[in-house]
Structure formats: C-alpha cells, structure tokens
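Number of protein chains: 6
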Amino acid sequence: MTLEETATRIKRMEIRGAGRIARAAAKALLDYSESINDLDQKSYIDRMLRASDLLAGVRPTAVSLPNAVNIISKPLLKAETLQDAKEGLEDRARAFITHSEHAVTRIGEIGARHIRDGDVVMTHCNSEAALQCIVTAHHQGMDIEVYATEVRPRNQGHITIKTLSDAGIRTNFIVDSAARYFMKEVDICITGADAITVNGAVINKIGTSQIALAAKEARVNFLVAAETYKFAPRTILGERILIEERPADEVLPDAILTTLPHVTVRNPTFDITPSEYVDLIITEQGAIPPEMAYTIIKEHLQWDMDNLCTDYPYCEEE
Amino acid sequence: MTLEETATRIKRMEIRGAGRIARAAAKALLDYSESINDLDQKSYIDRMLRASDLLAGVRPTAVSLPNAVNIISKPLLKAETLQDAKEGLEDRARAFITHSEHAVTRIGEIGARHIRDGDVVMTHCNSEAALQCIVTAHHQGMDIEVYATEVRPRNQGHITIKTLSDAGIRTNFIVDSAARYFMKEVDICITGADAITVNGAVINKIGTSQIALAAKEARVNFLVAAETYKFAPRTILGERILIEERPADEVLPDAILTTLPHVTVRNPTFDITPSEYVDLIITEQGAIPPEMAYTIIKEHLQWDMDNLCTDYPYCEEE
Amino acid sequence: MTLEETATRIKRMEIRGAGRIARAAAKALLDYSESINDLDQKSYIDRMLRASDLLAGVRPTAVSLPNAVNIISKPLLKAETLQDAKEGLEDRARAFITHSEHAVTRIGEIGARHIRDGDVVMTHCNSEAALQCIVTAHHQGMDIEVYATEVRPRNQGHITIKTLSDAGIRTNFIVDSAARYFMKEVDICITGADAITVNGAVINKIGTSQIALAAKEARVNFLVAAETYKFAPRTILGERILIEERPADEVLPDAILTTLPHVTVRNPTFDITPSEYVDLIITEQGAIPPEMAYTIIKEHLQWDMDNLCTDYPYCEEE
Amino acid sequence: MTLEETATRIKRMEIRGAGRIARAAAKALLDYSESINDLDQKSYIDRMLRASDLLAGVRPTAVSLPNAVNIISKPLLKAETLQDAKEGLEDRARAFITHSEHAVTRIGEIGARHIRDGDVVMTHCNSEAALQCIVTAHHQGMDIEVYATEVRPRNQGHITIKTLSDAGIRTNFIVDSAARYFMKEVDICITGADAITVNGAVINKIGTSQIALAAKEARVNFLVAAETYKFAPRTILGERILIEERPADEVLPDAILTTLPHVTVRNPTFDITPSEYVDLIITEQGAIPPEMAYTIIKEHLQWDMDNLCTDYPYCEEE
Amino acid sequence: MTLEETATRIKRMEIRGAGRIARAAAKALLDYSESINDLDQKSYIDRMLRASDLLAGVRPTAVSLPNAVNIISKPLLKAETLQDAKEGLEDRARAFITHSEHAVTRIGEIGARHIRDGDVVMTHCNSEAALQCIVTAHHQGMDIEVYATEVRPRNQGHITIKTLSDAGIRTNFIVDSAARYFMKEVDICITGADAITVNGAVINKIGTSQIALAAKEARVNFLVAAETYKFAPRTILGERILIEERPADEVLPDAILTTLPHVTVRNPTFDITPSEYVDLIITEQGAIPPEMAYTIIKEHLQWDMDNLCTDYPYCEEE
Amino acid sequence: MTLEETATRIKRMEIRGAGRIARAAAKALLDYSESINDLDQKSYIDRMLRASDLLAGVRPTAVSLPNAVNIISKPLLKAETLQDAKEGLEDRARAFITHSEHAVTRIGEIGARHIRDGDVVMTHCNSEAALQCIVTAHHQGMDIEVYATEVRPRNQGHITIKTLSDAGIRTNFIVDSAARYFMKEVDICITGADAITVNGAVINKIGTSQIALAAKEARVNFLVAAETYKFAPRTILGERILIEERPADEVLPDAILTTLPHVTVRNPTFDITPSEYVDLIITEQGAIPPEMAYTIIKEHLQWDMDNLCTDYPYCEEE
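Protein chains in written order, with our numbering: chain Y, 1 to 318; chain L, 1001 to 1318; chain W, 2001 to 2318; chain A, 3001 to 3318; chain B, 4001 to 4318; chain V, 5001 to 5318.
Because the hints were derived from the structure by calculation, they are not lab data.
Predicted model, so just to flag it, every value in this text is computed and none were measured.
Be aware that one or more of the hints could be misleading.
For the chain B half of the interface with chain W, some residues (derived, Cβ under 10 Å), not all of them [unchecked claim]:
(1) Y4044
(2) D4117
(3) I4169
(4) G4207
(5) I4211
(6) P4247
Taking lysine to any residue and the SDA-like style, the derived pairs with C-alpha atoms no more than 20 Å apart in a straight line are [unchecked claim]:
(7) Y:K78 x Y:D40
(8) L:K1162 x Y:R266
(9) W:K2184 x V:E5145
(10) A:K3162 x V:R5266
(11) W:K2042 x W:L2077
(12) B:K4027 x B:A4056
(13) L:K1162 x Y:D40
(14) L:K1074 x L:L1030
Derived CB-CB ranges, DEER-like [stated by the list, open to error]:
(15) A:A3167 x L:D1053: 35 to 43 Å
(16) A:H3139 x V:D5254: 26 to 34 Å
(17) V:D5117 x W:D2254: 42 to 50 Å
(18) Y:T98 x B:M4001: 54 to 62 Å
(19) W:R2020 x B:I4243: 40 to 48 Å
(20) V:D5040 x Y:D143: 50 to 58 Å
(21) L:R1246 x A:R3240: 45 to 53 Å
(22) B:L4039 x V:K5042: 30 to 38 Å
For each residue, glycine too, the CB sits at the ideal point set by N, CA and C.
Produce the complete structure using the sequences and hints provided.
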C-alpha cells in the first residue's frame, strides 16, 4: 500500500480507530522511507516532511494521527547525516508500531491493579482500553461485577455487554438514566476517552460527564483508560475540541420528526468531563493525575511550542 | 358504576393516573353514600368506613388513593348526627372532584410565574403538570424554548415533544445522556413527581435525579410540579417508597438477552431526588419548599398520627 | 392625616421604610374606622375593605403594606356583628402598631444571643434590624469587632459605620470586593432583608448573595434579621420578586457614560440569596430556619389561599 | 416521693437520662395534684404553677424537663373550672408518662423501616433510640452489619457493642478516626441526639458532626433518632445550646499533664451537626426533615412565644 | 540610560508594569554587557553578576524583575569562555525583549480560541492580557458581550470599559457586588494576574476570588491570562506573596474617617484565588492548568533549587 | 556492619523510620562498594546490583528503601568504566546521606514560611517533618498555638504534645473526634505522610483524611510535610498502597473482646487523603501542589518506566 493509498483509506474511514490509524500512518512512513534509496540528505528530508504533512492532515480531528507523525518524523529535524535521519525515522516508526500494539495490554495491566477483588465497576460506552482493565482483573481471578450502560443513541452498550458476557463477567445492563440510581452500589468507574486536553479534561461519549458527576457525588473513584496518543497537543494553543453533532435520525425516526414542526433533534456525540471529576488517567506510560496531561504531551508525545506552531501565523515571527 | 366496579377497574388499571383514580374513588364514595337512605348513623358510618377501606387498599402504592379517601371520609369520624356525617362526606367528595379537576390548571398558572420571557426550560419524562407550566407561560405570550429528553426505555419523551410541538413551542429533543451537556443553556428545569416523601425527596422517572444534580452543579433552578395528592403520608412512619423494577425486554430484546448468559437487565422505573436539589414544589395549593412536605401532608391531606396508625400494630396501645 | 393623605405620602415615598409604611397604614385604617360611627355592618365593612384595598395597592412591591392591611382587616370578613368587626379591626390596628414598634428591639435581643463575646461580625448594607443585634450584644458587654462594607453604588456603608462608631464598636470598613478576603477572620455574618420568599430565599441589597456564598465556603454562619412583615405572601402563588434596576448615574457619571457608545450600566438594587446559604432568619417571633418562611406567612401574617387569591383570575372559579 | 424529693434527686443526678427525668417530673406533678383536694381553683392553679416552675428549673440544660412540665401544666392556664384544671393536668401527666415509655419503641419501629435487608449501619456513641432502630430491624429478620465507634474519651462504644453483640448483630468496632475510612462500606448512619435546635441542628456526642460530614461526602444517608422532648424550645428565642467541657483527666492522666506546662486539655462533650448533613430525624411522632424542628416545638411540645417568654424581660411589655 | 539610571527609574516607579520593567532590566543588562570590552572572563562575569543582583533587588515584590534577570544571566554560570558568556547573555537579553513584546499578542491569540461566537465574558480590573483575548476574538469577527466591574476603590473598570467601547465591543458596566447576580448570563470569565504561586493560586486585584467562586458555583469557566514572568519562583521555597494594603483615603475620605474614632479602613490591593477555581492559565507559552505552575517556573523561567537558594541561609551547606 | 547485617536489622525493624532506613541502606551500599577493590567492571556492577536488590526488597512496603537504592545505584547502569561506576555510586551514596540528614531541617524552613505570626495550627499523629515546621516558626519568634490530637489507638499524640511543650509552644490536646469542633479556630493544618501516590493522594495515620475534609469544609489550608523519598514510584504502575491492619488488642483488650462473640475489631493504620483536600506538599526540594507528585517521582527520585518495570512481566517484551 502506497503512502497515498494509506492516506486515502484513512480519509475514507476504511481505516478507523485511534490506534489503527496511527499505526497505519507509521507503517506508511516506514515503507515510504525504505523505498527511498537514491536521494541526498536534504532531498530525503524534504520528501519525508511532505509525506508527514500529508498524513497528519488527512483527518484533522483524529488526534492520534499528528501525534504519531510528530514522534516518527522528529529525527528529520535534528539529524546530522542522511543515515542518521533515515535510520532514526525508521527506528522510531517500528518502535511506535510495536509500542502501540502493546499499549492496550499495558493499560489493562496497570488498570487492573486499581480494581480489588469483589469490586463493582461501572463503565459507559464501549472502550477497548477500559474493558481491558476489567477483563485483565477478571483473568487474574478477581470476582468482579459490572454495570454497563445502554449508550443511546447508537447502543454501543450492546457490544460492551457481549464482550463482558463472553469473558464470563457478571454484568448488569442499565439505561443511561439509571447511572446515579446504581452509583451507590459501585466501587469504581472506568471509561475510555476520545481525546484529553492539556488541562486534563476528558472528551468522551455523551453521558460520560454525568456519570463522573454522579461518581463524585458518591465518593466513587472515576478512572479513564486512554493511550497517550489520545492527548490533544493543540489544546496547549487554546484549540478547542469540536464536539461533533450527528444526524437526527439516530435519535428520532424521520417519520416522526417530520410530523413535529417545532422540534429539532440535538445529537452531540461527546461531552467534556472536567479534570476535577477524574481521579486518574491510565495510559500505557503509567497512571497519572489528569493535571499531568501537559507533561504527557511534552514528554511522551514530544510536542513543543516550535512544532506546535508550524502552521499558526503568530509563530512565524520568531 | 358501583363501588365494587370502580375498585375493580382501578385494580385492573383500566382507570389510571394519580388524578383520575383519586377522582374515581371520590365519585364512587359519593354515589355510594347517596344510595344509602335508610340506615341509622352508626350503620351508615360503618358501611362508609368499610367502603373507604376497600377503595384505599385497591392499589397500595398509588398514594393518591388513600389521600383522597382520607380527606373525604374525615366527617364520618367527627360527625355528631347522621345528617352531618352524610352531608359532610358528600360535600367533601364533590369538592375534592372539583378541586382535583382544576389542580393541573392552577399548577400551570403558579408555575408559569416562575418562567421568564426568553427562558430555556428543560423537562424530563412526560408530566402533565410540568408541561402545563410551560404551555401556560407560552400562552401568556412568553418566548420559550424547551429541551426534552428521550426517556429510555419507554420513550415517553416522544409524547412530550408532540405536546410541545402541537402547542407551537420551540423544542430540542435530546438523549437522556445529553442533559448535562446542554444544562449550561438552560434557565430552569421543571419535572413532575410520582410521589413526594415527608422530607421532600421526589420520586420520579428514572434519570430525574441525574438532571437535578446537573442543574445544581450549574446553579440552574429545579422545580417539581405535583398535585398535593402526590405527597406520601406513610413516609412519616418511615415507610419507604418502593422503586418498581420493570421487565427486562423494555431495555433489551429477549432475543439478545438470551445470548448473554452473564448479563442481567436492571430496569428501575423511578429514582429519588433529594430535597437539596429541589428549589420549589409547585402544588395547586401554592409553591412550597420541599421541606414543607410534612405540612402539606398534615394540613392539606389532613393526615395525623391517629389515622396514619390505623393499621400499624404499635398504634393499638393508645 | 386622612386615609388619602397617608396613601399619597406613602406613594410619594415621603413615608419610607418597611416598618414605617406598615405602621402608617395601620394608623390610617384605625383613624378611618374610628371616624365611622353611623353606618350599618355591611356598609362599614364595604367601606373599610375599600380603604384596605386602597392602601394595600399604593406601593405594590412594598410587601409590608399588604401584610399589615391583611392582618388588620381580617375581622371584617369573620365578624358577626358591626361591633365585632369594628372593635376587632381597631384592636388589631393598635396591636400591630405596638408590635411593630417593638419588633426591631426584639430582633436585637434574639439576635444578640447568637453573638458570643469576642466575635467578629460582618454586615452588608445598612439594616436597622441587623445592626440592632450587634449593638444589643455590645450593650450587654460583649467585645465585638465588625467588618462593614462600602455598599456601592450608594455607599450605605457610610451610615452603618457611623452608627457602629457612635455606639463605640470597633469597626473595619472595607470595599465590597474584600468580603471574601476577610471572611476567614469572621465568626458570623448578619444582614437584613428587603423581602423573603416562601422558600426562604432572601432578597437584599446587591452583593448580599456573594457574601453569603463566601461565608458558606468558609463555614461561617450567615444570619438574616428581618421583621415578619418582610415575608412575601404572594410568592406562594409563584409571584417572583421583581429586582428593580436603578439609574445609571448612580454608578457612572453621565459625563463619562456619554463618551462610551457601547457601554450600558446595569444597576440592580437587590440580589437573591438562596436559603441554603442562610442559617437562620431572626424575626421578632423568634429565630427560624429559612425553610419555615411558609409557616410565618401562614401563621403570623395570616394569609391563606383564599385571601391570597382575591385578585387572581383562577381563584374565581371556587 | 414528694415533689421536693423528686426535684432534689433530679438535681443530684440520681435520676438521669432525658426520658427518666421527664417522667419523674410528670409523676411528681401528678402525685402533687392528686394530693390537693381542698383548694379553690385559683389556689390550686397557683400552687401547681409554682410546682411546675420548681421542677422546670432544677436542671436548666436538660431540655426534656421544661418540655414535660410545659405540656402537663398547659390546662392550668386555660381551664374554666377547678375540675377542668385538675383533671386536665392529671390526664396529661398520665398520658405523658405512657407516651414517653413507648417513645423509644415507636422510634425503633419507624427507624427500622429505613433500614433494608443487608444494610451496613454506622453509629456513634451509645444512643438508646438509635440502637433501637437497628435492633428492631434485626428482630424483623434483616441481615444487618454495624460499624460502631470507640467514642473517646469515655468509651461509650464499649456499651454499644455489648448491646449489639448480645442481640446477635454482626458488629465492627473501630476507633473514631476510622469513620471516614469505612464510610464507603456503609449504607446508612444512625445516631441519637442530646438536643435539637429550632433550625434542625443536632447537638450530640463529640465526633458526630465529623461522621455526618463524611457521610455527606459519600452520599450516605444520616439519620438521627430522638424523642420529641429533645427539641429545645428556647432556641427559638436565639438561646444557644451550651457545649459543656468536661475534666481534663478524662483525656489525659493528671500525672502526664502536670509534666507538660504548655499543654491544655480541651474536652468538649458535644458538637453541632448542621441540618444540611441530616436527612431525617426519627421521633416517636414520625420521621421529619430537620427543618421541621420548629413545627415539633410548636405542635408537639406546645410552646409558643407567650409561654417561652415568661422569664424574658422583653416579653413583659405585652 | 545607564544601569544605575534604569535601576533608579524602576525603583521610583517611573518604569512600571510587569512587562515594561522586565524589558527595561533586560535592555540595561544588554547595554551594560555591550559596554564592557576589556575585561577577562572572570572579571566580566563578576561585574555582570553584580549588575544582575542590583537590578533583581530593586523592587523585590515585582516578580518579573528577578525572573528576567535570572533567564538572561544564566550563561554567566555555565560559559566556558568569555565569548560564550558575553554572547550568551546578550543573545538571551535580546531574545527576552523580543519575546516579551510579543507575549500579550500571543496570549490574545491563544485566549481568543477559548471564546465562542456569541459568548458573554466577565472580566474584573484592567488586565492588558485578559482584554487582549477579548479584543482578539472580537477582531476575528465574533459577536461578544462583556460584563466589566467597577473595581473599587480605584475604579480601574473605567479604563477597561473605555478600551472595550473603543474597540466597539458591547459592554455592561456593573458594581463589584453585582458579579454573582449576572453570573448566570456569563459564558466565561477572564482576568489577569499579578502573580501566580507554585501551586497555581492566582494573586490578582481584590475581588477576583469572589468572582471566581461565583463562577465555580454556576459552572462558568474561569480563565487567567498571564505572561510567564508573572509566576513567582520563590513560592517553591514557601515564600508567601505579601498582600499590600494601600492608604485608607482611597476608600474613605479623611474628612469622614476622622469623625469616626472606632473605624479603621482595611484596603488590601489583592486577594488569592485558589487553583481549584481556575480552569486554565493562558500564557504566551500555551494554555496550562494552574497545577502546572511549577513546570513553568522550572522550564520556562529556568529556576531550580540552586539559583533559588542563593540568598537563603539553609542552602549554604551544600 | 556488613550489608547483610544492615539488611537484617532493617528487616527486624531495629532500624526504623523512613529516613533512617534509607540512610542505613545508603551507608551499607557505600561501605560495600568501598570494600570491593579487586574486581573488573562487570563483576563489580553485578555484585553491586545484587546488593541493591537485596536491600531494596527487605521491607517492600517501606517506600524510602527502593527510592534510596534506585538513586544510588543509577551510575551502575550508565557508567563506561569501572572507575565511573564505583565513584559515581559512592558519590551518590554520600550525597544521599548528607541530603537526607538535612531534609527535615529544610522542610522546617520552607514550611515555617507558610505559618504567620499568631496562627493556630492543627496537627495529627506525630510527624517529625510537620513538627519541624511548627517549631522552626516558633524559633523565628512567631506566636503560635497548636491543636494536637490524641491519635487512637496508639496515642502518638502524647509524644507530639511533649515535643511541643518542651519547645515552649502553647498546645491544646484534644480527642480525635474533636477536630471538626475546633477547626473554626484553626488557621492552618500540617501533617506528615507515610507515602504519597502519583496522583498526590496522601497515605497517613488513620484520621488524617477526616481532618483534611473538615479543613476543606472550613476553608482552612491543609499542608503535608514529607521528604521526597515518601513518594511511591510504583503507584505510576497502578500499584495500590496497602493499608495495614494492626492487632485488635490495640483498640480493645482481649479480655473484653472475647466476651463479645459478634464483634470484630477493625484497626487500619492509615487512611488516604485525596489530593483535592491537600493544598501543598512541603518537601526538602520545595513546596509543590500534590498533582506534581509525578514530577517528583521522575525528576528527584529518578524513576522511569524502565527501572520501574524491572520486575513486572509485561515489561519484558521490549
């Protein structure tokens, strides 16, 4: 698959999921670099930087894409020889792929340590990383019971309870509105994240923030399981995460809606849970308090003002 | 319709709704009393008390039933003559019916005064009294916008948005999980109640307490619209309101559930909103703080320890 | 002074202050009744009811006026003879005047019991009743220190610190913005009220609710000193207390404002402190929790749905 | 036992406990009244009022004493004949004794309805009424587990766990500092009260307010079990409940203290739990929200401003 | 202007404002270094260190001064040759000046991204950085409305509303006490800072913390716009920021104060907003959560224990 | 003392206290290294790594032990020559010992800056570091008053008040339950820590979290004094700090317990104070917000994923 093919498939969402698109981009950069054998240092670097820009911009709201590209293309800017640049980039691409494949496993292992035998866990939506924590704990022999929500309007909860039931975990299925009702029975909440901002706010499936609020009210710990590439670097520059609104017919059949002239369906996909309702974020790099998001972005994702600013006008002046 | 027929129809839920069953019981007592013309005082009272007991016990969890019967049968215990007893009971039965029929209208008028021109109102489930407040304000010429929830699993929100759209009120329809997301746009929340306890806790459709919590978090006033016969006298004696759990297939089709051996559906119908999240309860007797529930029960519903205790063993000793 | 003269002087605000206008109305009704000697019962009652209506409506937002008139004119509705009606009304008018004159003294005595030797008290605006609590405690020999705010835009704080200094009480004068800064030094807050709603919300000088919030944050008790005629009966019917906005030039000189085409001055006189920030309301009838406002309105001010409804259309039907 | 003997024994604390001293006073008034057979109405009333004053003032801080005397001596002030006065007083004295003897039983029955099968209950100190709720629930067949605190410095917890163990109830004994640690395991807290103020604040054993705060933090219901004669009428007049400080050697042996010249032992017996941390107060008259304390004082204890004011100077003027 | 002249003008406050005094110090160090051409390495470094100490200590409470001097003089300690030291220092001085001049512009650009079209913004006092965020958003075409406070006692709000009106931004001018009253209309609060401590507490104009508290109560985001040189390094060592109290006559004319023997004016200039009420701090280095203050001090201001400790006795031992 | 002897004495708790065992381990490694003079690089490193492992694992829950060993043995992994390795390790061992000996002194100096003249300080248990802050402030001439708790069940408060009294500091001794009662008198709380997790939660003597909660409720600052080696690196991997439960007879004599068949004593030694109740942690490296725990662990304790993972199976794969 060529670089352009990969870009196209990501754009068309044939390749989906934060981890998969990041790994696809890494693989594409690796293959592309390996295919270049006859250029001088400057030409190699120019070409790879253009390839990086192409991939990073294919789906601007998928934060894992620029995160991956940034980590992998770092050596281009600092290498002193062609060999340094090429080997550096290719090594990082391979390491990224390996690391990313293990990320969910690691998160599961770290997260499972926060679950105790006999715990009742509540989860919302269908997060691979969050479920990994629960399933890992279950495999370690802990007796665990789960409350899983329906997750209107797309009912992702149906997938969640299938995963849990298949793993042999005792699961209660509830409507989203019942989260606070059962919160007093719950020992710990674990959800995933779609993105995490510089101040530790968690963007996740609509309804997450309500559950976090109800958990706070009842002194129940609220954990978020998220790979580091879910952290959104541009929020350092003040960029807001846009909350997508999806089609009305996910919520209300058109046949009904058309009979109701004064009714509009509002269907936001995500909401924002403020950091004060989040006790820990479990990444493959360890468990951190949400306020450390900035450090993750700087240390693990290797962003700084310089590369963040590349396409922001006010950075040009320096 | 005879007394027994009325009792049967209430029991079979052919007569439903807090207001309707209360009025049916009042009408049955009135007709029954009018049909008795040849008894002496003691026999009349005995017979009417038996009729009262019969009706009050038909659906023990429907709090409006004993509330109505108690108010209407009061004169039986204090009357000095047959005429006093009979006229007293019949007058009260007629007054109760009239009063009850106007209750929702009055609540609408009182509640509308808490809405200001331009307000955005959030409501949950499908409460006649709560909607009456909104519609009355709209009819008074106020520009009002509503957020109405879907109300899983039975989707009562569909009825709510039809009522609102038919009235010409601009309405946004959202999933239950999106209540906190939109709360910052909301000026006031108004819901109904299925029952209200002596300490002002509101039993209402599952999800109500989550919305009330999110309203509190955002300093949005939360109002409850409820006829006085929703107040539950026996909670003075410590009686807990039982939260009914309804069938699993309301939430998840049996076809799916049977494939998931470790999954149980939990489907509670109501939750409990503590009084600290409720700013006002709007009754047809006026707007009161939730802490005044005790006074409503004593003054308007005319319960006291003596009649409350009738069938509690520890009361016998006095 | 004739009834009309009294009405006119109240209207023109030549007679001001909740207590003074209530007593003026009582005196006017008393004099008017005493001047009527030749009418039959019905004519007397009709004339007095018209007089009552006239006075009660002179300044509709001054809640003490209808409160006084309602208490005094009660006997008109229940009296069986002319003598009963006339004596009843006149007795009540005299009692009201006496009672009202002593109300602030009583409030001071009750409030002073909530102050301990060595206490630091914060007050806002210039409330006769609140200052009476402080001064009474001082006269009882307690060592008291006060923080008094400036109270922009009218600087009523200047009057307050004069009263306190004249009484020999150590006083700190601060800008309104400094209330939270000094709150950690404060043992108790005491303010007055302009009106109190049925659910115990306190309408008082703008800035009061900020101080109450800062007191709550620091676990400092917040007391309100208010005569019972400050309680607003119509809030039972859902009536909102209107918050008056006063002229811009109180806040910003016209000479400046006219140079700022995009600037509007907003100058609300009062704000609303929710009952959850108020620990006690000290009335001349005793100290009560704010949630008991309803009881004060019913028992002490003698309002009920019947007289409250007189001029509300939906009451006609009964 | 004569009236004077009863007064002396109460004074010397030979008769102790809120209920016992109230009943002793009632018995003393009953016997004294029965012994008077030859006086006219006025003399009888004068003598009984003096007797009432004598008993009510024997231990001014024991609120149950004036509460009992007030209820019993009410008929003296309103009776129209000697017989009315005497029979009225004697009937009330007998009723009070009977009622008081049953109060704890009733509280247990009402409180038990707030406990569910399988509940974990936390209690503090050693309250007969609170334990009665737990034991009654246990006797009804519920499976209950209790966390009971040590209650320094007097270790009243030792008595509590003996009562619970003797009743066969599974009990965990913890130091006072461990209350928050175990709060997440707890379903409901129940304590007693030494006194309850007009705004629903609960004066109880030192440490109670910390537990209530920790319960609030974890959304655990906090109930107070208290006979109505624990409500303190004079708090309506602003009277503060004095918090007694007991001897240092309860906390630290004198032998140690004398070696520490800069150390003072502070040993307050009670603390004050604000009403916002109390969900319900369970009295023998029913379960009420704490804000209804005023109503209990007025309706059940039959105090009003007139009899409250008897010995307050500012009341004389009326 | 010589080094001494610059020092004197800063001392006399002829050069004022955090940014201006920092740039003046940088310019003075640059000029001074450029004027030294004939010294050996050690003598150059000694002389520059003395110059640095002189400038850093001119106004000890202006935190931007030692911050600037520390960044610029860093190369003196690590340089291996005279040329390294001299060029290093001069490069840093020039970079600091350039950077500082652009800081407010950058903050405006980052901050504007947190404002949405149609937002209502509240600000307090007169912060160049905070206003830049608002004005930048306005220039980007957003429709913005502002609530600006009066800012007693010096009325800096008058300057703020002039800036906003001149920019054509719709502005409401309110007294400081009205902040909570209007908070429900507000979407976002933005203020500046005079200093920020290691744990993210914001020292700003008196009244700021009250507004932040009211914003928290209403779930309104509270942002602080501050250049990185506002962060106070010595707070790492536990140093408290002193809150200056200014003259009484700013608050109350002497003519009045002298007539009030028991009155003292307390006039603190700043208050402290705890980090839990601050959602984000917008610096020219990006938007960070307040808890990251420590990182800013270490990474951007380049302080560590060694240079922090220079003049602290307990550091000598190492 | 040989390496093995040191290990044994630490294991037997003959060497106790976080600082002392860390220094003993450092000294043992230093002596052991100095005794090795004839090995090649690889053999030296192997032997020292085995020695490190031995010491680090002697008491697995004493977090200061692996922290010390990790810092000291770092050079083994990176040294290029035998001399580098040996000198590096020995230098670090000596530096660690010196640093550790001064740590409490430094904490005292930093902490004292957070205490103001006239402050009332509350402390719990018996923390050398916390007391050092108080005593240092006292020695600097500040007038300080302390509330110290009894600290059941082991009464460590007796040691605390002796230290304070010997230092001449005015001290109030209270039972643990009285902390909230006196909190309104308190200006600042300072306690120690046994361990601090990656998200800033403080593990300290049972009861600490209750006091922190009561401090939060009353807006009283809560500070923790702790050497950096109290921070627990493995919490980054999700490891939970185990809360030890100690013998029942510390709380209740066996003689009593054996008579109570249904009673179990629960005696946890520590509880967990969440970071939101902690304002600052004072380390010898400066005062930091609790959210910076991660940075301390990484920068000062020099842990990273690689050395953290050594004995975790999921790390092997890389």
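Results for each hint:
A hinted interface residue such as B:Y4044 counts as satisfied when its beta carbon comes closer than 10 Å to some beta carbon of chain W; here the least separation is about 47 Å, so the hint is violated. Below 10 Å, beta-carbon pairs count as interface contacts, and B:D4117 has none with chain W, the closest being about 18 Å; its hint is therefore violated. The criterion of a C-beta within 10 Å of any C-beta in chain W is met by B:I4169, whose closest approach is roughly 6 Å, and the hint holds. Residue-level restraint check for B:G4207 holds (minimum Cβ-Cβ distance to chain W is 3 Å; threshold 10 Å).
Given hint, B:I4211 at the interface with chain W, holds; its Cβ is 9 Å from that chain's nearest Cβ, closer than 10 Å. Contact between B:P4247 and chain W, as hinted, is not supported at the beta carbon level, the nearest pair being about 13 Å apart and thus beyond 10 Å. Straight-line distance between C-alpha atoms of Y:K78 and Y:D40 comes to about 16 Å, which keeps the hinted pair within the 20 Å bound. For the hint linking L:K1162 to Y:R266, the alpha-carbon distance of about 16 Å falls within 20 Å, and the restraint holds.
Restraint check for W:K2184 and V:E5145: the C-alpha separation of about 17 Å stays at or below 20 Å, so the hint holds. Distance check on the hinted pair: A:K3162 and V:R5266 sit about 16 Å apart at the alpha-carbon level, within 20 Å; holds. Straight-line distance between C-alpha atoms of W:K2042 and W:L2077 comes to about 11 Å, which keeps the hinted pair within the 20 Å bound. Proposed proximity of B:K4027 and B:A4056 is supported: the alpha carbons are some 13 Å apart, at most 20 Å.
The hinted pair formed by L:K1162 and Y:D40 fails the criterion: a straight-line CA distance of about 70 Å is larger than 20 Å. With a C-alpha separation of about 13 Å, the suggested pair L:K1074 and L:L1030 falls inside the 20 Å cut-off, and the hint holds. Between A:A3167 and L:D1053, the C-beta spacing of about 36 Å keeps the proposed range 35 to 43 Å intact. Our hint of 26 to 34 Å for A:H3139 and V:D5254 holds, since their Cβ atoms are close to 30 Å apart.
Restraint check, V:D5117 to W:D2254: a C-beta distance of roughly 49 Å satisfies the suggested window 42 to 50 Å. Y:T98 and B:M4001 have their C-beta atoms about 60 Å apart, which keeps the hinted 54 to 62 Å range intact. One distance hint, 40 to 48 Å for the beta-carbon pair W:R2020 and B:I4243, holds here, with the actual separation near 43 Å. At roughly 53 Å, the beta-carbon separation of V:D5040 and Y:D143 lies within the given 50 to 58 Å, and the hint holds.
For the pair L:R1246 and A:R3240, the supplied restraint of 45 to 53 Å holds, since their beta-carbon distance comes to about 51 Å. Between B:L4039 and V:K5042 the Cβ separation comes to about 50 Å, which falls outside the hinted range of 30 to 38 Å.
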